[in-house]
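With the hints as constraints, model all of the structure from the sequences given.
Number of protein chains: 2
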Amino acid sequence: MNPISSPLLTDHYQLTMLQSYLEQNMQETAVFEFFVRKLPRERNFLVAAGLEQALDFLENLRFSPEELAWLAPRFGSSLIEYLEQFRFDGDVHAIPEGTIFFPDEPILRITAALPQAQLIESRVMNLLHFETLIATKAARSVLAAPGKLLVDFGMRRAHGAEAALLAARASYLAGFSGSATVMAGALYGIPLFGTMAHSYIQAHRDEAVAFEHFARCHPDNVVLLIDTFDTEAGAAKVVSLGRKLGVQGISIKGVRLDSGDLGAHARKVRHILNKGGLENTTIFASGNLDEYRLRELLSSGAPIDGFGVGTALDVSSDAPSLDCAYKLQEYAGKARRKRSEGKATWPGKKQVYRKYNGPGGCMAGDIVALEENDLHDGEPLMARVMRAGKRINQGVTLDEMRMRTLASYDRLPRFMTSLDHAPGYPVEISAALSALANQLDAEQAQVVSV
Amino acid sequence: MNPISSPLLTDHYQLTMLQSYLEQNMQETAVFEFFVRKLPRERNFLVAAGLEQALDFLENLRFSPEELAWLAPRFGSSLIEYLEQFRFDGDVHAIPEGTIFFPDEPILRITAALPQAQLIESRVMNLLHFETLIATKAARSVLAAPGKLLVDFGMRRAHGAEAALLAARASYLAGFSGSATVMAGALYGIPLFGTMAHSYIQAHRDEAVAFEHFARCHPDNVVLLIDTFDTEAGAAKVVSLGRKLGVQGISIKGVRLDSGDLGAHARKVRHILNKGGLENTTIFASGNLDEYRLRELLSSGAPIDGFGVGTALDVSSDAPSLDCAYKLQEYAGKARRKRSEGKATWPGKKQVYRKYNGPGGCMAGDIVALEENDLHDGEPLMARVMRAGKRINQGVTLDEMRMRTLASYDRLPRFMTSLDHAPGYPVEISAALSALANQLDAEQAQVVSV
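Residue numbers (the working numbering), protein chains in the order written: chain A, 6 to 455; chain B, 6 to 455.
All the pointers check out, no bait thrown in.
All copies of an identical chain are treated as equivalent in the list; a pair is satisfied when it fits inside any one copy or across any two copies.
Derived pair list, reagent style DSS-like, types lysine-lysine, alpha-carbon separation capped at 30 Å:
no., residue 1, residue 2
1, K153, K348
2, K348, K273
3, K258, K348
4, K339, K354
5, K395, K339
Just so you know, these hints were derived from the structure itself, not from any lab.
And the structure:
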């Protein structure tokens with residue numbers, strides 16, 4: 006059993022429901038949509054991510070003999086027989102990864118036999134939720150620090166290994182320059198960054214010796230961590246080393262600051278480096294950073310060229326979850342609506358249309374409409390990405406998605422690019438969709454009164 | 006390459022440092038310790054967890070030919086040759102999983118050749134940090150809802166698959182009754198819970214029909230979700246169904262509420278059920294719950310028998326990370342100290358002694374001391390758990406750890422069992438440890454002045 010691709014990555018109730026669906030032969034086509042209910046207060050928009058991993062999961066879903074053997078004593082034989090043959094052979098529609106979106110806008114739709122669409126709920130949500138959470142968080146650092154080198158440093162405090170890997174991917178998609186997590190480089194081809202830890206300096210005891218050893222070992226990528234004992238004293242040692250090594254053709258690419266008042270240290274260190282002839286040596290900062298600290302440092306004019314953003318990025322510290330849902334919108338050709346208090350859904354198969362202020366202009370508003378017989382102006386965001394369980398290969402690489410995402414920030418209305426709360430992007434529900442919701446409520450009232 | 010057990014689950018700088026260590030033959034014994042720097046404001050204590058997963062990782066760490074082939078063009082051949090033979094053959098000391106602990110107290114110590122101890126940093130931190138985070142969060146719900154059934158419902162919004170699995174394990178360790186995540190049952194033997202989703206009701210349209218179908222399919226575990234349309238109307242249908250099925254020997258074990266004012270609904274539903282003769286049918290609640298909501302509901306006297314705690318548990322919503330570190334405390338027989346501003350460490354190999362108010366009494370205070378020649382009264386918490394890369398099997402099951410953890414809550418001082426901020430548990434640094442830190446600072450000043 007592979008803990009991250011097993012079909013047992015599901016909630017127990019999916020299996021008890023499946024038993025009941027099979028018993029009643031409820032295997033007609035169901036339509037489920039994934040959407041976010043509302044924005045965290047600290048977010049002005051969302052960035053869709055995780056589709057590729059969700060499609061991988063669907064395409065490869067199989068129950069192994071070992072998994073079936075584990076399930077057998079716990080569930081009836083009819084379920085086990087069904088799961089032996091289980092393949093996901095449904096359709097998937099989605100908006101592309103890296104697309105900006107808003108609450109009530111579906112970013113993924115599953116159209117499949119009810120038991121299939123039900124079983125996959127937990128893991129599909131788990132993937133889309135997390136990568137969207139992180140891409141959305143990362144976009145804020147990208148907007149707060151335009152033109153700066155941004156590196157994901159979050160593995161050690163990410164929530165497990167998969168979170169570290171998916172956070173590296175999602176932040177790169179959203180515009181980060183790369184990650185420190187080696188496996189993310191191997192899995193996704195993301196550029197890797199990293200130099201040395203405090204332990205490296207401590208193991209040498211003499212910081213100057215540690216710097217020189219490192220520089221001679223990595224002459225093409227000399228980035229030195231200078232805060233282990235005293236940041237400015239560290240910078241002075243870098244200058245001495247720079248003189249010594251410069252003669253031998255080794256240049257010091259950068260220094261890293263990781264503690265104290267990063268802005269004040271950066272200014273002093275920049276001065277020390279410049280005075281020592283190291284004008285081209287860059288300053289990289291890390292240590293409890295997030296987009297708010299980046300904005301603060303840059304608006305105070307701190308001479309910092311790049312940032313390692315770690316924990317706050319990988320756990321989305323100020324909003325560690327999104328209020329998202331995966332809901333049945335249609336079954337057996339009939340639209341469905343959940344009416345629970347505060348959690349009512351928009352029924353039916355939907356499309357999202359986005360309007361712009363002219364060609365190349367800013368986003369001007371979205372309409373959530375029914376997919377059929379409810380056409381609107383604007384760019385339709387949802388498209389089919391899987392047919393009968395097979396991915397429709399669109400051949401878009403992660404780097405291409407990243408460039409497209411970065412370009413899309415230019416089309417955000419100015420007021421939404423701020424880190425501050427800025428409500429007001431218009432998302433309209435189409436008249437036809439509202440009418441359908443009302444009609445279903447009226448029908449349900451009849452069911453209840455019967 | 007297995008994304009959750011690969012040795013490439015490390016930060017890039019670990020590999021660049023390794024190259025340099027090898028070049029300088031810096032392979033003497035290093036001692037690193039993992040500890041938390043400070044408590045989040047919302048926590049009064051921490052619960053250690055994740056050791057078993059960390060030891061698994063260490064014991065099985067191997068570079069596969071595929072991994073080496075990926076690394077080869079990126080790193081020098083001497084590193085690749087070293088990694089081909091790589092095994093972790095160090096010692097590990099730790100405090101047992103489920104133990105309550107505090108900042109500055111190491112919960113794990115690695116004693117190994119410097120390159121080994123360095124390479125494993127990122128993943129060992131990643132595992133210990135997350136499980137400790139979740140066990141600590143879960144303990145609060147257990148304390149807030151004594152005697153209630155508590156179930157982890159968090160998979161869908163956990164940060165990836167591994168987070169969902171480790172959160173199920175850590176919350177069970179901390180006293181939860183089980184999880185909804187099937188794979189957590191298969192991997193760790195955790196009891197599984199779950200009934201039906203709203204989609205099940207919606208697919209049927211007629212809620213009463215859905216209830217009856219489910220009950221007949223699962224006569225031994227009839228728990229019905231009653232809030233899809235109208236909670237009290239749902240409860241009335243449960244009563245009708247209870248009459249009908251009671252005759253046939255099927256009893257309705259419970260109902261689940263998932264929206265609206267859970268306390269008010271629970272009172273009304275309890276009344277409806279009791280009036281209908283279903284006094285033994287339990288009420289289970291879910292929906293945006295955390296320990297604060299549990300306390301509120303129970304202190305208002307809401308007649309709720311169990312809770313599904315989801316997102317808030319699995320992401321530790323009010324404190325989604327811990328300020329933890331893994332630091333070099335000794336190298337080549339000499340204690341080391343990091344002096345960075347606000348991040349100075351206590352050097353050397355340490356032990357933690359815990360005092361109690363008499364046998365069976367409450368915890369009375371801890372002393373962080375040096376392991377050697379610094380004995381104190383109290384229970385020593387650190388013990389060796391791995392020798393030369395092989396686990397010392399202590400044969401303690403997860404269920405036994407869970408029982409021990411539950412018992413340890415009884416020894417918490419009363420003021421610390423509250424959900425509110427309650428500083429003041431005494432953790433003392435021994436005189437010998439303070440003296441060592443001062444001595445190292447003096448020595449370092451000499452290195453700097455040279």
